[in-house]
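Chemist: Residue numbers (this note's numbering), protein chains in the order written: chain P, -19 to 353; chain V, 4 to 260.
Rather than coming from a laboratory, the hints here were simulated on the basis of the structure.
None of these values were measured; they are calculated from a predicted model.
Every residue, glycine too, gets a C-beta built ideally from N, C-alpha and C.
There may be inaccurate statements among the hints.
Derived lysine-lysine pairs resembling BS3-like cross-links, with alpha carbons at most 27 Å apart [unchecked claim]:
hint, chain 1, residue 1, chain 2, residue 2
1, V, Lys150, P, Lys105
2, V, Lys150, P, Lys246
3, P, Lys346, P, Lys110
4, P, Lys273, V, Lys128
5, V, Lys43, V, Lys88
6, V, Lys128, P, Lys110
7, P, Lys246, V, Lys125
8, P, Lys105, V, Lys128
9, V, Lys150, P, Lys109
10, V, Lys36, P, Lys273
11, P, Lys346, P, Lys109
12, V, Lys143, V, Lys219
13, V, Lys43, P, Lys346
14, P, Lys109, P, Lys273
15, P, Lys246, V, Lys36
16, P, Lys288, P, Lys315
17, V, Lys88, P, Lys246
18, P, Lys273, P, Lys346
19, P, Lys346, V, Lys150
20, V, Lys143, V, Lys128
Restraint ranges, calculated between C-beta atoms of paired labels, are given here [stated by the list, open to error]:
hint, chain 1, residue 1, chain 2, residue 2, range
21, P, Ser180, V, Gly24, 35 to 43 Å
22, V, Asn91, P, Thr196, 45 to 53 Å
23, P, Lys109, V, Asp39, 36 to 44 Å
24, V, Glu140, P, Ala242, 33 to 41 Å
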Amino acid sequence: MADVKTFVPAPDRAPPSSAVGPIAWVRDNLFGSIGSSIATLVFFYLFFSYVPPFVEWALINANWTGSDRSVCEANAAGACWTFINVRLEQILFGLYFASNPDELWRPTLIFILFFALLLPLLFEKTPGKKWLTIALLGVFPVVFYFVVYGGYFGISQSNTTQWGGFLLTFALAFVGILLALPIGILLALGRRSELPVIRSMCVIYIEFWRGTPLITILFMASVMLPLFFPAGVEFDKVVRAMIGITLFQSAYTAEAVRGGLAAIPKGQSEAAMALGLGYWRRTVFITLPQALKISIPSIVNTFIALFKDTSLVSIIGLLDLLNMAQTTARSMEWKGYDIEAFLFAGFVYWAFCYGMSRYSQNLERKLDTNRRN
Amino acid sequence: MTTDTQMAPAELGESIITIDGLNKWYGQFHVLKDIDLDVKRGERIVICGPSGSGKSTLIRCINRLETHQEGSIVVDGIELTDDTKHINDIRREVGMVFQHFNLFPHLTVLENCTLAPIWVRKTPKREAEEIAMQYLERVKIPEQANKYPGQLSGGQQQRVAIARSLCMNPRVMLFDEPTSALDPEMIAEVLDVMVGLAEDGMTMLCVTHEMGFARKVANRVIFMDGGQIVEQNEPEEFFNNPQNDRTQLFLSQILQH
Chain P
-19 MADVKTFVPA PDRAPPSSAV GPIAWVRDNL FGSIGSSIAT LVFFYLFFSY
31 VPPFVEWALI NANWTGSDRS VCEANAAGAC WTFINVRLEQ ILFGLYFASN
81 PDELWRPTLI FILFFALLLP LLFEKTPGKK WLTIALLGVF PVVFYFVVYG
131 GYFGISQSNT TQWGGFLLTF ALAFVGILLA LPIGILLALG RRSELPVIRS
181 MCVIYIEFWR GTPLITILFM ASVMLPLFFP AGVEFDKVVR AMIGITLFQS
231 AYTAEAVRGG LAAIPKGQSE AAMALGLGYW RRTVFITLPQ ALKISIPSIV
281 NTFIALFKDT SLVSIIGLLD LLNMAQTTAR SMEWKGYDIE AFLFAGFVYW
331 AFCYGMSRYS QNLERKLDTN RRN
Chain V
4 MTTDTQMAPA ELGESIITID GLNKWYGQFH VLKDIDLDVK RGERIVICGP
54 SGSGKSTLIR CINRLETHQE GSIVVDGIEL TDDTKHINDI RREVGMVFQH
104 FNLFPHLTVL ENCTLAPIWV RKTPKREAEE IAMQYLERVK IPEQANKYPG
154 QLSGGQQQRV AIARSLCMNP RVMLFDEPTS ALDPEMIAEV LDVMVGLAED
204 GMTMLCVTHE MGFARKVANR VIFMDGGQIV EQNEPEEFFN NPQNDRTQLF
254 LSQILQH
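The following block holds chain V by itself, in its conformation from the complex:
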């Protein structure tokens, strides 16, 4: 990607996400095993690993798109339980960007961005639109505000999806393979937006295989396999001096081409 120089280390605050002894099963299949993870405010974490390693499932547990069976997840001081009110309290503070964008195709770009602020945050419509335009400018597509998602390129759609999440003014952003469905020329425009977010101090958890992005932006890289955290380290150490042979194999496979 752009340059190899690493960003200045983030000013880390107190814990915002605390995952303790997390276990999850799909039927008989044990998909997450004894996950412990503590995320500090302002921290930027990249999670990588082979497909089926549970990395998407892990971040989807954080905003309760998946339910877990054992262990605890505390987000911003609120523990995730079956209590719908708690779940919605957490979801409004945690933004998520999906692999396939998941924009609402029947709403314009602007309406995509204002729907949740208006109905969840009770922001007046005019104000919500102003905020949305600010974020659309930030992701460099204010001129598309009145178009429908189907009229945009993949890269533009993903930038709208990021803006849509930011309109809720979240404290944490989750990225679930945000560039995996994009053409090569569009990956850069999405990663640029994500780098900009990181520079502004957003707490980010990114499931991605963009190792250039990981090197540049992450404070910590986590490698998962078989539903477990195999290894985690600062990017410099992680890439240059992986401790586990599974990590070494994975890195050699994705970096050799």
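One chain only, chain P, in its complex shape:
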């Protein structure tokens, strides 16, 4: 063939100027249609009629200093953060540590340690992440026990019935999450097992604990658990709550993980089988990492729910962050400042839950191996 043409790709051209830039963005995104324009205007109207007054009350006119309610009564136009400031130790660490100022270093140290271990983990470039993770998940709980509970090394023993505030919320949620994840993973694997006995045991466990309200479980842990042990065996109330929460939470985590496992194509384990990998190696190296990656959003979702659900321990007489805030707001000294108490407790819950949510989103992005670089 003599006259073969050569294919030359046409060069790329820049988009027209009317399609880029801030004005084009506003036009396309805020006022793109009549409906969009109405939504934009309604949003701005609501935003400007509610947010500035709130900011004024909560921040600009607010009372921050002082040591009693006279400051707040003098300036009623602003929020009374004086109350939170004065009662901060009680709300964060509970009655035992608030009433023993010499012991305040213990919960303070624990939270400093927690953040010192956690924050470096959030940055991608941190060296030795593996050891930090082991320290956080394995060593930290032990340190927590010795420092906060005490009774060893000359540290006085704290009374768990007087544990409270954020410290209690944190302890319940941390233990719940830490134990529920591995138990949940095993339950999820068990529920997908080919062995009928294991499968039905896992199904019964999951469906029983998932179908029971957490309040009921906490009640049962508090009232019924002692019945299963010989008389005289005294079971710590906080430990009972932890057991109840773990039983409940592991069922939820199991279902989240099972959802991830179900989404892994059969070809993945077949390829691993064809290479001669046995069940546990297939699970640990191939199916589970992929399943956990997919189920990160739903696992974190259950963790966030648990973090907030810990406030249900008020039913068995424990004063967690929310109940402690409420209790302090009912004291004679600070009567009437419930709004500040609830806002503060809400903010602490939100900060932790939002942190978990952001971290899970980061993790998802980091583990996404499908992006093309």
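Starting from the known structure of chain P, arrange chain V on it as the hints suggest.
Modeler: For chain V alone, kept in the frame of chain P given last:
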């Protein structure tokens, strides 16, 4: 495909796979019927047939991805039973390449290739990586070693899948429609790798409809329908002079376009 000249006949050794009176059912559905098949070391077999004829199921029985109910399969002197140890012994000697590649998406190309040698063969990591790089060079993608499968084209992924199997140094390779999920321009690069393997004397069982490949590489072409082996012959005879009218119909349908 490339040329129509056939490869030199393989030096056939003793039997490596012996299938005797194999029957398999899915529930009530009788999917494999009285299959007898003897594969010699160094033999290259192409299995073709309409979809649902049982050809994939047959080769998946050889490494126990499917269980059979009657008959016996002996691979490299070991009979396939429910014994997990025997199954894993056989699987490490039998490589498999799948239609949809089945690479592990959360591991890099290199990690895909070294996982099984490290954990199944207990090869030291450094050595496993060296071997993997040799095979990645052989399938002509050493530069992709640190990428993830999702960043590769289909043809590249399938070549990685072949390299991953070869890293286990298998005695037999099973190919389950390795080019069926590929774009036309990528089929050639995968078939080239498979031809290269055949030239090196690998024992191969390929379920494929690439008739050019069958003509060039196979010692024997097997045609299956309805769970049975309808006809088997050397490629020359099989294509030019099919004995069974079902084979003739099938060949006329796939060769007319």
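Chemist: Would you list, in rising numerical order, the hints stated earlier that this structure does not obey?
Modeler: 10, 13, 23
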